[in-house]
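K.L.:
Each chain, written out:
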Amino acid sequence: MNDKQREVLLETKNLRVEFGNRKKKKFVAVDDVSFHIYKGETFGLVGESGSGKTTIGRAIMRINEVAGGEIFFKGQRISGKISKDLDRELTRKIQMIFQDPMASLNERAKVDYIVSEGLYNIKNYSSEEEREEKVCKALLDVGLLPEFADRFPHEFSGGQRQRIGIARTLVMEPEFIIADEPISALDVSIRAQVLNLLSELQKKKGLTYLFITHDLSVARFITDRIAVIRKGKIVELADTEKLFEHPYHPYTRALLSAIPLPDPIREKKKVLEVYDPRCHDYTNDPPKWVEIEPEHFVLANEKEVEEYRSRSRA
Amino acid sequence: MADKKKILSVKDLVVKFELRGRVLTAIREASLDLYEGESLAIVGESGSGKSVFTKTFMGLLDGNGWIDSGSIIYNGEDLAQYKTENDWIKIRGREIAMVFQEPMTSLNPLMTIGSQIEEAVILHRGLKGEEAKKLVIDILNDVGIAEPEKRYHQYPHEFSGGMRQRVVIAIAIACNPRILICDEPTTALDVTIQAQILQLLRSLKEKYNLTIIYITHDLGVVANVADRIAVMYAGDIIEIGTCEEIFYDPRHPYTWALLSSLPQLGVKGEKLHSIKGTPPNLFNEIRGDAFAPRNPRALKIDFVERPPYFSVSPTHKAKTWLLDPRAPKVEPPESIKKLRSQWRMSENE
Chain B
779 MNDKQREVLL ETKNLRVEFG NRKKKKFVAV DDVSFHIYKG ETFGLVGESG SGKTTIGRAI
839 MRINEVAGGE IFFKGQRISG KISKDLDREL TRKIQMIFQD PMASLNERAK VDYIVSEGLY
899 NIKNYSSEEE REEKVCKALL DVGLLPEFAD RFPHEFSGGQ RQRIGIARTL VMEPEFIIAD
959 EPISALDVSI RAQVLNLLSE LQKKKGLTYL FITHDLSVAR FITDRIAVIR KGKIVELADT
1019 EKLFEHPYHP YTRALLSAIP LPDPIREKKK VLEVYDPRCH DYTNDPPKWV EIEPEHFVLA
1079 NEKEVEEYRS RSRA
Chain L
3 MADKKKILSV KDLVVKFELR GRVLTAIREA SLDLYEGESL AIVGESGSGK SVFTKTFMGL
63 LDGNGWIDSG SIIYNGEDLA QYKTENDWIK IRGREIAMVF QEPMTSLNPL MTIGSQIEEA
123 VILHRGLKGE EAKKLVIDIL NDVGIAEPEK RYHQYPHEFS GGMRQRVVIA IAIACNPRIL
183 ICDEPTTALD VTIQAQILQL LRSLKEKYNL TIIYITHDLG VVANVADRIA VMYAGDIIEI
243 GTCEEIFYDP RHPYTWALLS SLPQLGVKGE KLHSIKGTPP NLFNEIRGDA FAPRNPRALK
303 IDFVERPPYF SVSPTHKAKT WLLDPRAPKV EPPESIKKLR SQWRMSENE
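Protein chains in written order, with the numbering used here: chain B, 779 to 1092; chain L, 3 to 351.
Mixed in with the good hints, there may be bad ones.
[Said to hold, decoys possible] A few chain B residues that don't get close to chain L, going by computed Cβ distances all over 10 Å: (1) F850; (2) Q877; (3) G896.
[To be verified] Footprint (simulated), chain B over chain L, 3 or more residues, beta carbon under 8 Å: (4) 188–194; (5) 282–295.
[To be verified] Short, incomplete list of chain L residues facing chain B, as computed with Cβ under 8 Å: (6) H159; (7) D185; (8) A197; (9) Q201; (10) S205; (11) H219; (12) V223; (13) C245; (14) L267.
Hints listed in this document are in silico derivations from the structure and should not be mistaken for laboratory results. Beta carbons are placed, not taken as given, at the ideal position from N, Cα and C, and that holds for glycine.
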């Protein structure tokens, strides 16, 4: 595929998010993060807890304030101060699916209200019938029955609840969905159902996903490209298959080696790589964002780039 | 397995709970032999009864639950007959210990790490003062905590998730148990930490001569650590075999379904296999094979009569009518066939 012809839907440039307002307690959660997401693809953001992956998602959603850098959606800047109209438009076009379907649904509201809440907010329906129709369609889209609209969340299983979580994003007719660990709170057998649903919806509606996860085996299955993030910095970014075939950064390698294989003989022979950040010598030669292969980026200094290149030739 | 000594033997165990005036059968005549020095993984969905099953070994059932029938033989005694807390004190910790799931909630936030481990040492080993402290520091060292003297005086909030799980493991092994039950020991942890904790458990098993039971819902995790795997569904062990037999040659349709829903085995762009429907309601009486309503390959008899165990090999048996000699030949799904060929490849490597 020729990437130059592909439309960039979302782009972050040198994004920086800080927490704590006094200078003393300042904590940098996201540091100098740049990436772009093409229209129609699933972009994976993989990292461990505390790496800042959710913070990036929340910054795009405009929940977390941006301390530096910019975010663009369809070429339009959406970080910092924006007009009210654009804000309304973004609320509709960018939606989020949360991790824990047990905690993210209002226990005291009926499904009908939960799914329509976004509609009530931006009032893009002309009559009550139209709203009901939209809710009904969203429920059908995620494989739930329209009559479920009259029920409360506690009447549903974990997998069904996550479907409700997806339905309430779909009702807004979004273009871009941030899925923040949408399956990690679910049972293995239900994970498959939700993953299938997400890919099906993508095909049907031409959605673009930012898929945030700590589970590389899930990321490999569902994403087209992956960015690996550690302590607020992206250390490697590439096509999913390329990343799995030729991981360069030692942190990526450690993450990949930790994936459990459903193959006992190989799994027992496997050597676990452990990442030690002290293996980088960045005192004189700070790391840069290098395109080591076409469309494959890694955070490394010149010495390391040499090393990585010679390893890939070997 | 015949040469190995049975350390624990469960026979036809039935566990019931009373909930809002109705009786629920959580464990339906499950049997299991545990051999000394092995590590056994019990795998199943949430609600399959895997936690309840192992809780009966330690007398940790909730107040509304009871053992209805069956036996749990350990050291020549039937644990199913134990009634009072005094009976259980002899078993808990000293003989059978448990590592709980959430390291964030299973430690006391108001006590130092050292005193939490020391508590177990004092209670179960009768050590005191300096002696006890020395042992605690040794154990901290064994579970891979650096600078144990300093860490001894710290509180749980000063520890990361992985470190806390190491402390929980330290408490469990402090009493030198013979059997260690690990209930989802790594689900709350990051992948890299998960791999490290599993490695730690493996090395502790050697050092302390432990027999380990892992409880997990993730088949991917157990390939590394388990000698044998028991697959649990609706309160019964429906298939049990060595790790290799379960991964490369599974026989029960439920095991097929569990394995093929792993994203590691999925093909990109294609649908991942998913199990239709929901597990059966345990309030109702279950007829036939509990998995039949969700099984697209179910036979007629699956809805009528509960299958007994059919042996596949001396170490491998499954409760499915498909193994009956009269059954029609049913092909496993593609991804399972792929696993079989992988077996040969992996062995030749």
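K.L.:
Work down the list of hints and note, for each, if the structure agrees.
P.N.:
Results of checking the hints against the structure:
no.	hint	in the structure
1	F850	holds, 29 Å
2	Q877	holds, 13 Å
3	G896	holds, 28 Å
4	188–194	holds (count 3)
5	282–295	violated (count 0)
6	H159	violated, 15 Å
7	D185	violated, 16 Å
8	A197	holds, 4 Å
9	Q201	holds, 7 Å
10	S205	violated, 12 Å
11	H219	holds, 6 Å
12	V223	holds, 5 Å
13	C245	holds, 4 Å
14	L267	holds, 6 Å
Hints 5, 6, 7, 10 from the earlier list are contradicted by this structure; the remaining hints agree with it.
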